[in-house]
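**Student:** Each chain is listed here by its residues.
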Amino acid sequence: MEMISGWGRIPAPGRQTLSEDLERATEGAVLCRGLGRSYGDSAIPPASSPEVVTTVLADRILSFDLETGYLRAEAGVSIEQLNRRLLPHGVFVPVTPGTQFVTLGGAVAADVHGKNHHVKGCFGDHVRSLKMRIADGRLVNAEPDGENQDLFWATVGGMGVTGHILEVEVAMRHIPSPWITTESTRVNDIDGYIDELKDGAARFPYTFGWIDCLSRGKNLGRGTLLAGDWADPAVAPKHYPKPKQRITMPFELPTWVLGRASVQAFNFANYWRHLPRKMHGIQHWETFFYPLDMVREWNRMYGKRGFTQYQCVLPDSVGRGAARRVLEMLTERGGASFLCVIKDCGPENRGLLSFPMKGVSIALDIAVRDDTQALVDALNEKVIDEGGRIYLAKDQFTRREHFEEMEKRRLPAFIEARAKWDPKRRIRSAQSVRLLGDR
Amino acid sequence: MGSETAYSQRAIGASLGRPLSYVARVMNVIFLGATKGMGRALARRLAQRGDRLVLLGRDRGDLEKSCGDLAADGAAPAGFASCDLGARETFSPALDEALRLLGGRADLVVVTAGRFATQDKLEADSELCHDVLDVDFTGTVLFCEEARKRLLSQGGGTLCVFSSVAGERGRKPVVLYGAAKAGLTRYLEGLDHRYRSEGLKVVTVKPGFVRTGLTAGLKSPPFAGEPDDVAARVLRAIDRGSPVVYAPFAWGPIMAVIRGLPRFVMRRIGF
Chain R
21 MEMISGWGRI
31 PAPGRQTLSE
41 DLERATEGAV
51 LCRGLGRSYG
61 DSAIPPASSP
71 EVVTTVLADR
81 ILSFDLETGY
91 LRAEAGVSIE
101 QLNRRLLPHG
111 VFVPVTPGTQ
121 FVTLGGAVAA
131 DVHGKNHHVK
141 GCFGDHVRSL
151 KMRIADGRLV
161 NAEPDGENQD
171 LFWATVGGMG
181 VTGHILEVEV
191 AMRHIPSPWI
201 TTESTRVNDI
211 DGYIDELKDG
221 AARFPYTFGW
231 IDCLSRGKNL
241 GRGTLLAGDW
251 ADPAVAPKHY
261 PKPKQRITMP
271 FELPTWVLGR
281 ASVQAFNFAN
291 YWRHLPRKMH
301 GIQHWETFFY
311 PLDMVREWNR
321 MYGKRGFTQY
331 QCVLPDSVGR
341 GAARRVLEML
351 TERGGASFLC
361 VIKDCGPENR
371 GLLSFPMKGV
381 SIALDIAVRD
391 DTQALVDALN
401 EKVIDEGGRI
411 YLAKDQFTRR
421 EHFEEMEKRR
431 LPAFIEARAK
441 WDPKRRIRSA
451 QSVRLLGDR
Chain V
72 MGSETAYSQR
82 AIGASLGRPL
92 SYVARVMNVI
102 FLGATKGMGR
112 ALARRLAQRG
122 DRLVLLGRDR
132 GDLEKSCGDL
142 AADGAAPAGF
152 ASCDLGARET
162 FSPALDEALR
172 LLGGRADLVV
182 VTAGRFATQD
192 KLEADSELCH
202 DVLDVDFTGT
212 VLFCEEARKR
222 LLSQGGGTLC
232 VFSSVAGERG
242 RKPVVLYGAA
252 KAGLTRYLEG
262 LDHRYRSEGL
272 KVVTVKPGFV
282 RTGLTAGLKS
292 PPFAGEPDDV
302 AARVLRAIDR
312 GSPVVYAPFA
322 WGPIMAVIRG
332 LPRFVMRRIG
342 F
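Heads up: the sequence lines are chains R and V, in that order.
Quick note on the numbering used here: the first sequence kicks off at 21 and runs consecutively.
Quick note on the numbering used here: the second sequence kicks off at 72 and runs consecutively.
If we strip away everything but chain R, and leave its shape as in the complex, we get:
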């Protein structure tokens, strides 16, 4: 049997069918998959029907209006392609995740968010219309405030199990120049971090930060915070930014390489590189938005057993100590996380399972070890205590009962929408088998 995996490289049986013609390929299909950047099992077909339609060849822009910025495209077109083709015309995606190697279909299904969530919301907030193939075989349109709006908001963040997304219409945004002005700040600890994040959010449309998850005590959660905005043409360099060269991670690293010592060294260097407390600069847009995209297949860094990412959002309503409590738990267990990203989120949208809510989001990479399941369980219990929830696009280890507990307010509406549009639950994934009890 052929194997397939998410970005975390934990394999499962599955075969990809590629086609340029999504209308034909999705007839009777169980699941669609884009560029496979969801970390866990969201884009892995269920074991009972191990075939998934990969959409990446359906990569045409169907119409684009430079005046309004409205763009309609096939679901397999990637944000990387949109950036490459449209940024020269002064147009950028309204919301982008930390990698540009995601398809439009994937961006809608995961309702991705980015560094501007606190002002612009999620990707789904900018989508004007979807063309979908639903479980009974019909082709339907779904709009945020019109036709089939219940289907629309179940699909935005619905992880691909409410129907197949064939076409997406999204409102792109005009930018003043293709350069980014940045302000970065060195922050001493996690509570200071939360304050800086809120302060940066008030002044900049793009904010996020890296934190050190290994330092304990008063240094807990120290790191650097990056804020930015599109540069005014008056201060931006006059030339168009050259596309960045990418290197490829040629092989898997042995699992010990990303151990505690090397992560500590990396965090130390990253922190003290930033000697002045505040620094200003002009950055290449790819460096600012997509630092990890410079290394293709960087997921090989975590070695043979693969890795997972744990991303949760903790509501502001429980007070700013929530982030500290979660990090404390993590450092106590000695979870060495190479990458730990923190971001403040704006209010939640109408997506029935969309991830963000008003609060602080924390994401950390966890290399798979024997105790990974126990670590995720413990983190989930902590997050439930704090009233938070996890991001399905990153998840592969959460238990159904934990998920149901986190989503007890929103899940019934999602299940109801699914019962209406796909009563037999034909469209499903390995993740929906795990979390929603599909077969």
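Because the hints were derived from the structure by calculation, they are not lab data.
Even glycine gets a Cβ: it sits at the ideal position worked out from N, Cα and C.
It cannot be assumed that every hint is accurate.
Simulated pairs of lysine-lysine, PhoX-like, Cα-Cα distance not exceeding 25 angstroms [to be verified]:
{"hint": "1", "chain 1": "R", "residue 1": "324", "chain 2": "V", "residue 2": "277"}
{"hint": "2", "chain 1": "V", "residue 1": "290", "chain 2": "V", "residue 2": "272"}
{"hint": "3", "chain 1": "R", "residue 1": "238", "chain 2": "R", "residue 2": "298"}
{"hint": "4", "chain 1": "R", "residue 1": "151", "chain 2": "V", "residue 2": "136"}
{"hint": "5", "chain 1": "R", "residue 1": "151", "chain 2": "V", "residue 2": "107"}
{"hint": "6", "chain 1": "V", "residue 1": "220", "chain 2": "V", "residue 2": "192"}
{"hint": "7", "chain 1": "R", "residue 1": "440", "chain 2": "R", "residue 2": "151"}
{"hint": "8", "chain 1": "R", "residue 1": "238", "chain 2": "R", "residue 2": "402"}
{"hint": "9", "chain 1": "R", "residue 1": "140", "chain 2": "R", "residue 2": "378"}
Computed far set for chain V versus chain R, every beta-carbon distance over 10 angstroms [unchecked claim]:
{"hint": "10", "residue": "111"}
{"hint": "11", "residue": "155"}
{"hint": "12", "residue": "158"}
{"hint": "13", "residue": "212"}
{"hint": "14", "residue": "300"}
Take the given structure of chain R and dock chain V to it, following the hints.
**Tutor:** Quick look at chain V alone, frame taken from chain R:
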């Protein structure tokens, strides 16, 4: 929008990796096969630098979608017309309609359309086999003949046709498909020899394994290429009038070796 336009022009120059002066002359292009795979990538590069295209193909809905795609960040195509390599009566009307849409003159005719099936499938289904041989050889040659007449009557131009490395040597996995492509390659070579002095440049493209819808489901060999890399190489060959281009580059040397292998080796290896 002033500064944005300035950025955009520079970007288009930069993406081609050469000075803008080269791009000054806009070409009129008739393109059969721009809706899929390598054709899609090549058509994008042509439109992005400002060339005016007319798309030919079988499915009008699909052609319309590709017109939208090309217009998004390049010169909007002048239109499209129906043409099917499996139906020779469509060739003349399609080319005439394309010429009319382009104002009577074409500088370049590109053919990327074709059919493919694995050797196993072709051996098992003689109807399919007939169709593939007919489209890839007879249909393509007759289409090129119609294009040749029109290009010569206006004093010349470039004819760029996608053949395949499959036609380089009789090989186990591509006996039938390779035979059609071998015939096509020879035809194009002869055409170039016969008419280059009259201004007709023939560019024969020999792609190796490229990841497209055509090869979806097949196992990628080493040196498999991406459509856009092929498009970049082919565009350079069109501008230079190179008679033969292998794409991706690695397939040139690889095929040189394959051509030199003795028969007893070819009988043993599975390549």
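**Student:** Which of the numbered hints above does this structure break?
**Tutor:** 1, 2, 6 and 10
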